[in-house]
Amino acid sequence: SAPASTSSTSAPHASTAKSLAKIGLDYPFTQLPLYSTLVRLSTAGAKKHGVSLVTTSDQTSPDTQASNLAAWVSQKIPAIVSFPMVFEATEKTAKSALDAGLIWVTYGGSLENQSADIQFSFTEGGRLLGTAAAKWANETLGGKGKIAFLTDSTIQLGRDRTKGMIDAFTKLAPGVDVVAQEQAIDPDTGLSKSNAILAKHRDLNLILGVTDAAAYGGFKALQQSGRSATDVKTYVGGQDGASMCLAAIKQGTFYRASAALAPQDIADAIVDVPLAVAAGKAKPSVDVPITLVTRADGAKIDALLAQNA
Amino acid sequence: MTAAAAAEPLRPAGRALASTGLAVIRRNPLLPVLAALVLAFQFSTGSFLDAANLRGIATDAATIAIVAVPLALLVISGYLDLSVGSSLALGGLVAGQLAGAHHQSLAVAVLGALGAGAAVGFVNGILCCYLGLSPFIVTLGMLTAVRGLAQQLYPLPLSGFGTGFAWLGGATLAGIAAPVVIAALVLLSGAAFLAFAPAGRHVFAIGVNREAAYLSGISIRRTPFALFLLTGAAAALAGAIKASTLDSVSSGTSGSGFELAVLTAVLLGGVALSGGSGTIFGVLLGVLFLGCLQNGLTLLSVPTFWQQIAQGSALVVGAALAFFGPRLRRA
Amino acid sequence: MTAAAAAEPLRPAGRALASTGLAVIRRNPLLPVLAALVLAFQFSTGSFLDAANLRGIATDAATIAIVAVPLALLVISGYLDLSVGSSLALGGLVAGQLAGAHHQSLAVAVLGALGAGAAVGFVNGILCCYLGLSPFIVTLGMLTAVRGLAQQLYPLPLSGFGTGFAWLGGATLAGIAAPVVIAALVLLSGAAFLAFAPAGRHVFAIGVNREAAYLSGISIRRTPFALFLLTGAAAALAGAIKASTLDSVSSGTSGSGFELAVLTAVLLGGVALSGGSGTIFGVLLGVLFLGCLQNGLTLLSVPTFWQQIAQGSALVVGAALAFFGPRLRRA
Amino acid sequence: MSLRISGLAKSFGGAKALDGVDLTVPAGQVHALLGHNGAGKSTLIKCLGGAYAPDAGTIEVGGVAYERLSPRESIAAGVAIIFQTLSVVEPLTVAENIFLGQEWTRRSRLGAVDRRAQENAAAGLLERVAASCSPRDRVGDLPMGQRQLVEIAKALSRSASVLVLDEPTAALSTAESGALAERVEDLRTQGLAIVYVTHLLSEVERLADAVTVLRDGRVSHASPMAGLNRRDLVEAIAGTASVAGSASKEPVPKTTVSGPPVLEAESLTGPGFGPVGLDVAGGEIVGLYGLIGSGRTRLLETLFGRRPRTGGTVRVAGRTVHAAHPADALAAGIALVPGDRRAQGLFAGLSAHDNALLPAVRPLARRGLRSRGAEGRIFTDLARSIGLRPLAPRLPASAFSGGNQQKLVLGRWVNSFRTPEILLLDEPTQGVDVGSRAEIYCVVNRLAAERGTAVLFASSDPEEIVALAHRCLVVAGGLVVGELSGAGLTEEALLSAIHDGAPHAQGESR
Ligand SMILES: Nc1ncnc2c1ncn2[C@@H]1O[C@H](COP(=O)(O)OP(=O)(O)OP(=O)(O)O)[C@@H](O)[C@H]1O
Ligand SMILES: Nc1ncnc2c1ncn2[C@@H]1O[C@H](COP(=O)(O)OP(=O)(O)OP(=O)(O)O)[C@@H](O)[C@H]1O
Ligand SMILES: [Mg+2]
Ligand SMILES: [Mg+2]
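Residue numbers (this note's numbering), protein chains in the order written: chain B, 148 to 456; chain F, 590 to 920; chain S, 590 to 920; chain L, 464 to 973.
Computed Cβ-Cβ distance ranges for the label pairs, DEER-style:
(1) B:Ser375 <-> S:Leu910: 54 to 60 Å
(2) L:Pro687 <-> S:Pro621: 53 to 59 Å
(3) B:Ala429 <-> S:Ala625: 47 to 53 Å
(4) L:Glu530 <-> F:Ala773: 48 to 54 Å
(5) B:Thr317 <-> F:Ala760: 35 to 41 Å
Over 10 Å on every C-beta distance to chain S, these chain B residues come out as not near it, computed from the model:
(6) Ser166
(7) Ala191
(8) Gly256
(9) Lys282
(10) Lys293
(11) Ile313
(12) Thr317
(13) Val326
(14) Arg349
(15) Ser372
(16) Thr377
(17) Val379
(18) Thr400
(19) Ala429
(20) Pro436
(21) Thr441
Honestly, the hints are just simulated from the structure, not real lab data. Just so you know, even glycine gets a beta-carbon here, dropped at the ideal spot from N, CA and C.
Between the sequences and the hints, there should be enough to build the whole structure, so can you do that?
In structure tokens form, the structure reads like this:
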């Protein structure tokens, strides 16, 4: 195997072409709203460099992802940016891509075999949200109250976000009762789980979601249980920066925070990192920052909403 | 003998009642199972039967029931529709788009959704009823294709549909949520259709013995075709209701997995996958069983994976008890 | 007349060949559809028929085929197994755990996986064959329950199974990948079973008319029960192969949606969901059709949602062409 | 109004099922349509009813000519048909079946089905056909005979001008057949044109005004009934060549077979019948004669382990047998040819070969592999001896005519490979043509005589009992109420035995 492929910051293969014609973006969670935005922004960005962007259709299936990646490697797509559903399971494919002289950029984490990576700290996103919520609870509720977490334990990214969120919150606001931890990543499940939780704990104060979509379901459940949308003793927060949640934050509702990634930043990285590798730049990898968006960040919200439009 | 004779005058009424009750249970073996489930949850959580919680269950169950009724009729007539999850998404998106971006009235939005759902049902119906293709493959293909289409047309989530549209999911009529009222109407019409309409008999005849139905001069294609239309429209209506309740809808996730949930409710309610048998009351029981199960496990704060294990097992146990009732009686 | 007469001596052989060919196509209408698909992809991509790409398709198709064969037999005998997606995950996890954490040999790891899969099949079989519960509900329940169990037992992904275990997914025998060789063996045994084993006839008889099979003295419970065991074991084997190929396995995602993929291949291959008909060759065609479609669309770089639309539509078209062949001939 | 069919043709694949058939039935006439199994009778009727589209020819009903009919057009044209394979819908009630597709609705009730009116009308119709079921019974719960009567009531409910009956009495007892015949005579006087398909020549003699005989899809004989005798009919149906053969086969030696009993049942009891005691010696053929519902099927199925037994013992060659499943009975040497051919016997989608040889495949296998050669030879032998037509081992059973399907089911136990020690037959020749029936009798006789098989068979046809049985048990109300043998075993004796027993028996089984 190629010695160059052992470290994440290693230089690219000498054989790699200086300019790229094509970048393959393999993002498995095609059902997420972020997906379309990313494809749109990165296609536009790639075009500026005269590069065409192609995509897979994994439909959230690791099997399909594996076969699509294998097809790309056999087809010699010169640069592949992949968000592995299961990181360990992608190591071999990444290696075969490098062995074939292709550029492999890992998205959302890092592999042993890769040309570069685009990192986010999902734990960090959760931590930001948990911290902000704990701070709010301490200030507004005097450190007492009830919280429900909408979590995800089926994929790595979900586990990271869940852990960051719960650890940060429970550490900083130990007096708040954790009344539920329920699996929910979509608004429907978020709604019905929150409804059930609210039936038992009518005085629930906080709902934090592993995704904005799930938290939004909780947001609606609270409203439907009779809570005013601007109730001061209620806090809902999520992660992703979904547009309807950003709009709710902006309007001053009790949907108060979202740990958001800026799609434009990611889209830039999707194009720039492979190009940097191809150009032989040192340290091509990028760490995309996650920021917590609250009502105070009016301009940022507008910018994010514009990117999502 | 004398004791029995003395008791005689009282017996007929009591007996008749008891035996009607028994007959109902025999025909609906899920009924005692559901009752046991409800009691168990009430004892263990203490709040299962609270009005707020029951309202929550009813609202969740409503969208399932709305689709389960026409789907049950379709299954009784020997067909199947797996595409309802995507029709639901499409319906929600169309309604949301009309109500939100186009500022149309609730009625227009709902009609739009019904139209979109019926269009999906139309394609399913043509392919399955008139061209005779396998309903499983066709509707599975449509599930994928319509989801792709919805995502292509509406890549971003829609939200902010206005107060007029919020009525559909949020209003209460005499204290009952609008979706529950709609579901009740759908259930009643379904039951009335099977009981009183000539076509209700035809649905059974087609499901049991297509050849015989055909030779009796029954339109063996038109009736299931109409049911495909209805199922698609009902799924879209459910989508509009969900969109209204959440004031948002996303093409990627809305209604994903819904098809299996509905089909499970229908089959658990005693509708045979092979066609020709089933009742709307059974379907209602199936829907409630799943709704109560889901809700009760959440109330009990069962950890995620145990919830999954319990849910799977409950399905099996529900099936077992439901199927054993009739068995034991026969032996 | 004279020309025809002159050609006479040559005809019989040529004709016989042509008519055998035609008969094969008639019995397997998916064959020309598949051929057309392959040619279309080769012309449009230019690299579809490259050895590397074909190897990729074959390896992907292998795991599906391994499960599709016993599942097809199960469906022919009138049953169904939706739990294979979770059995696959469980099999991969057990094999991975044995090979990785416990440093067991490949044989032990595979035996462990087979045992786990057979255990799931055992439960399915007891419930469906001996207790007579609805296979759809039971195996759907098992799909959920076993997935929950797998996640409870192995909440985190496993990886690093060592070189011994890597053999299963990575070795090549005479230039052919081991999974493909295994799949070929499974396909051949399945076909041989149907053609040469007495029980092969029983599978059909049970699927066509259980009562008549029972009255003919056939063990109408034992045969499908054995097929449930086999299907579970095959799914677990497929899981072990995937775990070996990827050197990792995750309880949450491994094999999710696999049950629908396999069932689709089986039904597309001409096995009737109502039981009693189907061939292993048809199943192979179904598996290849899905594999080629998926691969070709990726090679063509069709945008995501269009790929979804195309995939769904292809399923419908595949079903249509496959079902139309026989129709047209009859008319 | 009359029915006129001309030049009707229909082929399946290469085989011509109908080849230019002409048939004219004026109003007020009963026209018997006869022919061997597979001659094309049902195909002709299916063309009439809209199940098949003919390849050529015209069908003229009441002066309107059609090239093809849909079921609805056929019904609208005034054609009512009772198909050979019953087309009842089991989960529905009797009344619902009768009015299926023609429901009575009331505008004042939003087009809802008028159940009460339907049930009242159904009760009247059921009375007319002398059926004993109620309009609210679920058809699936009724015995075959009652289902047949429901079909007839359904045909009558449509004010039809042409009535077609395809082997309507195949599942009826003598008494019920008699009632049906009276009905048919009534309808003739009411001016209906009636086509009547049957294999029972006694019915032809009683009812027919004219006959048309089909042979291999062509009309081989057409004439008024007057002046024809039974011999002429047999000749026309079976073909001159085989007449001599079948005639010589028909009389069965009425010698009493004695010896140690191979099958013994002692106070055998089950739901709805018993206690029954009987024994059958090796080589002996014993008939069970009774009305529909008298319990013969239940008795046979209980002996075979298909139904639970609540009391009594069964011995095979002196050994007590507890058969909880058919497989147990088969292991003990008892085989059953069931009465409900389609539901209990036929594998419709499987080939003729598979149908006939299913239980033989495993015992014939060598080292776990099927021996196809042996299977093929046995099939050919069997198909020849029972006169299967067409002799196509790979054709699916559903493509065979009704009588040939019966032969396939029968052939499963009556073949040259392995014969059971005890053979139970339920209505063995239901729907089988005259010629083949003789061949089947011959096969069963040989089995008894040459291999010493003990045969117990149920039949509703006294002619068949006399032709086949050495001894006959008369069954009524689930009990054996009489026994006839030797010279005393005649059709007249059977009929009088059953009529003596009938009222009592029916009273008990109701
Ligand atoms: N669907 C079919 N496909 C192929 N062949 C068929 C089909 N239906 C009938 N046939 C053939 O057509 C011929 C005529 O069959 P038909 O059922 O009309 O006979 P029949 O006179 O009614 O006989 P029976 O007295 O046994 O009922 C038979 O050879 C039969 O095998
Ligand atoms: N009194 C009874 N108890 C139980 N089952 C009954 C009774 N009467 C009728 N049946 C049912 O009716 C069904 C069909 O009856 P059918 O007339 O075909 O057979 P049978 O009653 O055994 O009489 P036979 O064969 O003499 O006509 C039987 O399978 C049986 O289940
Ligand atoms: Mg016939
Ligand atoms: Mg009988």
